[in-house]
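Asks: Since chain S is already given, all that's left is putting chain Z on it; use the hints.
Number of protein chains: 2
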Amino acid sequence: MFPYKTSFVLKKNTNQSLYLQLANQFIFYISEGKLSNGTKLLGTRTLSDLLGVHRKTVVTCYEELEEQGWVISVPKKGTFVKDDLPILNQQEFIGLNKEKNNNISSDYTFYKDSLLPEKEPLKSEDWIRINDGVSDTRLAPTVEIGRIYRRISSRKNIFKDISYGSTYGNERLREVLVEYLNSSRGLKITKDNLLITRGSQMGIWLSAQLLLKKEDIIVVGMTNYSSADITFKQTQATLKRVAVDSEGIVVSEIEEICKSSVIKAVYITSHHHHPTTVTLSAERRLHLLNLARKYRFAIVEDDYDYDFNYNHAPILPLASHDDRKNVIYIGSVCKTVAPVFRIGYLIASEAFVKEASKHRGYVDRQGDAILELTFAEFIKSGDLDRHIRKILKIYKERRDLFCSLLKSQLSKYLEFNVPKGGMAIWVKLNSEYTWEEVKAEGLNHNFSLGEWERYDMANKRHNAIRMGFASYTNEEIYQLIEKLGGIFSNLERSKK
Amino acid sequence: MFPYKTSFVLKKNTNQSLYLQLANQFIFYISEGKLSNGTKLLGTRTLSDLLGVHRKTVVTCYEELEEQGWVISVPKKGTFVKDDLPILNQQEFIGLNKEKNNNISSDYTFYKDSLLPEKEPLKSEDWIRINDGVSDTRLAPTVEIGRIYRRISSRKNIFKDISYGSTYGNERLREVLVEYLNSSRGLKITKDNLLITRGSQMGIWLSAQLLLKKEDIIVVGMTNYSSADITFKQTQATLKRVAVDSEGIVVSEIEEICKSSVIKAVYITSHHHHPTTVTLSAERRLHLLNLARKYRFAIVEDDYDYDFNYNHAPILPLASHDDRKNVIYIGSVCKTVAPVFRIGYLIASEAFVKEASKHRGYVDRQGDAILELTFAEFIKSGDLDRHIRKILKIYKERRDLFCSLLKSQLSKYLEFNVPKGGMAIWVKLNSEYTWEEVKAEGLNHNFSLGEWERYDMANKRHNAIRMGFASYTNEEIYQLIEKLGGIFSNLERSKK
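So the sequences go chain by chain: S and Z. Going by this note's numbering, the letters in the first sequence line up with residues 1 to 496, in that order. Going by this note's numbering, the letters in the second sequence line up with residues 497 to 992, in that order.
Simulated from the structure, these hints should not be mistaken for laboratory data. Honestly, I wouldn't trust all of these hints.
Said to hold, decoys possible - In the DMTMM-like style, the derived pairs of lysine to aspartate or glutamate whose C-alpha atoms are separated by at most 25 Å in a straight line are:
id: 1; chain 1: S; residue 1: K495; chain 2: S; residue 2: E436
id: 2; chain 1: Z; residue 1: K615; chain 2: S; residue 2: E175
id: 3; chain 1: S; residue 1: K354; chain 2: Z; residue 2: D603
As the list claims (entries may be wrong) - Stretches of chain S that chain Z covers, calculated by requiring three or more beta carbons in the stretch to come under 8 Å of a beta carbon on chain Z:
id: 4; stretch: 7-18
id: 5; stretch: 145-156
id: 6; stretch: 228-234
Model, not experiment: these values are computed from the prediction. Beta carbons are placed, not taken as given, at the ideal position from N, Cα and C, and that holds for glycine.
Next up, chain S with everything else stripped away, as it sits in the complex (with noise of 0.2 Å):
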């Protein structure tokens, strides 16, 4: 006989009734077989007894299991599982032991797709850790932004905007965007040209899905932003790279591309390149756009760090040029104001911008439309203004502490430009060392270089690294400097 008394185990401090938990127990038991089909339960008196429960727990888990199929009720003869109940195929039995089972792999198979990398797990809190250029969350308005979110959360008519809504966004976000940009950035747009998205990766996302299929071709600088050009290689398209060079991607190079190939777009990261943090010339940036026009492609520009200047105003985008419509404007808040808050914006012609709402609406249905007021009512007050003035003061100083500490003590091993903006340098090693060797010394130290693997995608071997320094203090700075010099300090000796 089936061993009631020593297969149920009954918790009496958890949110679970007593009826369901038995009636759970039982369901496992009766699809693993261990009660077979036509089984007469115990009766509901006896079965109380045997578990200490009160019977009317027992007669709600046997109605229970009679309203879900598992067994049938036959007036005065009792409680019978069901008769046409298959069994469980399981290897073993293992029951209701929570603990074993996890590394059981799946029967079926699935794709594992080899263009998206490894992520590095991320070092304990002692380690410094070199990344590619990101903001200090210490200086990150949550107390303000959450206030906001409450205060919104609260209104007697938000209801309104919780349901299932549009996907280009919440409408007063859109507004206050449309006019938040066409006065700083000097675009010409509506509310039709604006989708708002999770962060700039969506847009780019957004934009690969739309332009590119297997065989089209983009083109990218001969380094570029890695995510992108994984974005983009997802889509089956080929990518074609141009050079890099102190203005910027070389523009005469795609244009020589347009004469022998169709292309559909161009990826840009006009204000800061990434990684080479280098600023598209002025000259290249209408030679770029009339190229678009001549041999019809879009072109994405990626805006994404357009807040951080030190040197001079920041630059007007492409996008404001483009009375054709022919550039794709990506943006967010993310590199503002903290990576936590997934607002971003995709700006182009009212019809991209529609099917880029459609597709939105298959991965994620919806935007959060009160962190979207949220951040409506941030912008519209000033707020994020007087929050970019603030650390925009900071991280001038970090850079130019920063980039001193790396002339004044470790020229010798390598070299940099100071960027003109942007949260990062572009450093190159002097040939006699690479970026492996100080990786694998940096291990001694609790030093880890990220993901700097990511910055040669191309496979150039130029030696050259992204250094956030926005996210460090100057106490912090001094200590990486530090760090850093030991490490070549070592390097050097081992190579004498």
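Replies: Showing chain Z alone in chain S's frame:
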């Protein structure tokens, strides 16, 4: 000569400083060739007099133009537009006019996906609109969630959670969900089996990316959740449809398909089949699990309204019986709390979850950790369960009222079964009527059927649609049924 005086519009009361307004307008005139290459600009003193601004404004403007590479300053000679700038090839001179040019279509082309339906624009507030079964956002605990959000965003150490983070989602919410789902739904998972998504749709989308390529086969119901259908079709996979009857999807038909074809996956909404609301029977659950093992396919189990049962306890998902990890289990809080809170999960084998997390990083990088921490607290504290108990009672009343009115007043036009759970009723018209007619007549009554065509993706002319009941108050239900009564009366008269 260039008409300096009339060409510049400078505003005092904006965020943008005067020098930058001036510089940006210069840039437009230069790029459009109105100020041609080599042109000598007016001297700073003359221009400042002409425009009525401080001379320093013009000096700073010229410095900015030089820094950005539009002009060069020659000592003792003046400031000149650079020699090598191309002229933007504009069709017509549009200048600073922001209004006119929104309808210009771009020169490039992009792909339009004919699978993606047009969304019907939302009607204004005095319209009654039939929905798919959505929650009543007036009952959503936004005040409480806003309060938690603010508290979390004010934490001293919140900066650690708000930078670039794991594509799996916030650790704390993953832990809380593992505990919550294991204890309430009989799952046996660890953190490595769980990826936080933006809602069920992202779970479906990710599953489709990993499981399906061109020519792969996925089995779905004859009627099926249209967004899932579209997501699967976008991968170019083949959808095979099997019947759905009063016990849910007909598993024996799946077995027949398996005998002649290799299938990659079966998509089910086991708890309440979408759209027909039927619960998958115990026998078929076990049968399907056995088939998955035998024929090595994945079961994508979309448990979109687990929490809403009126006649019985929530039914254990197939995933709870699945020690072979053949079930990919998808759920979210979007139905339970409010669609605005884009928090969902995908549960599968560790390897599948890892691959899915990589894909996720290229769509929107990561989730919103503050919101994820907010829901960790909302769930852990028992607030979610309390909220569910509260609305379950209300929705049950609404279901009963809606069904009783539908039956007493409209049964000569339509038929339905009272759904055991969920938020919608599957309503079939008698053969004299069609929903097309109801829709057309509805327009005369400020009554919209919503996106009702999506319930018949296989074009079976089953003459049934879903009618959500949960989002209306009792009063609104009376109004809705009365309006529907008027529409049918008119239709009936017009047929005589």
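Asks: For the pair supplied as a hint, K354(S) and D603(Z), confirm whether the alpha-carbon distance does not exceed 25 Å.
Replies: 17 Å, holds
Asks: Mind checking the alpha carbons of K615(Z) and E175(S) for me, to see if they're no more than 25 Å apart?
Replies: Given pair K615(Z), E175(S) holds - Cα atoms ~21 Å apart, limit 25 Å.
Asks: Between the alpha carbons of K495(S) and E436(S), is the straight-line distance 25 Å or under?
Replies: 14 Å, holds
Asks: At least three residues with a C-beta closer than 8 Å to a C-beta of chain Z: is that true for the stretch 7-18 of chain S?
Replies: Held - the stretch 7-18 of chain S has 3 residues with a Cβ nearer than 8 Å to chain Z, which meets the minimum of three.
Asks: Are there three or more residues in the stretch 228-234 of chain S whose C-beta lies closer than 8 Å to some C-beta of chain Z?
Replies: holds (count 3)
Asks: Can the stretch 145-156 of chain S be counted as covered by chain Z under the rule of three residues or more with Cβ-Cβ separation shorter than 8 Å?
Replies: holds (count 9)
Violated hints are absent here; each numbered hint is respected by the structure.
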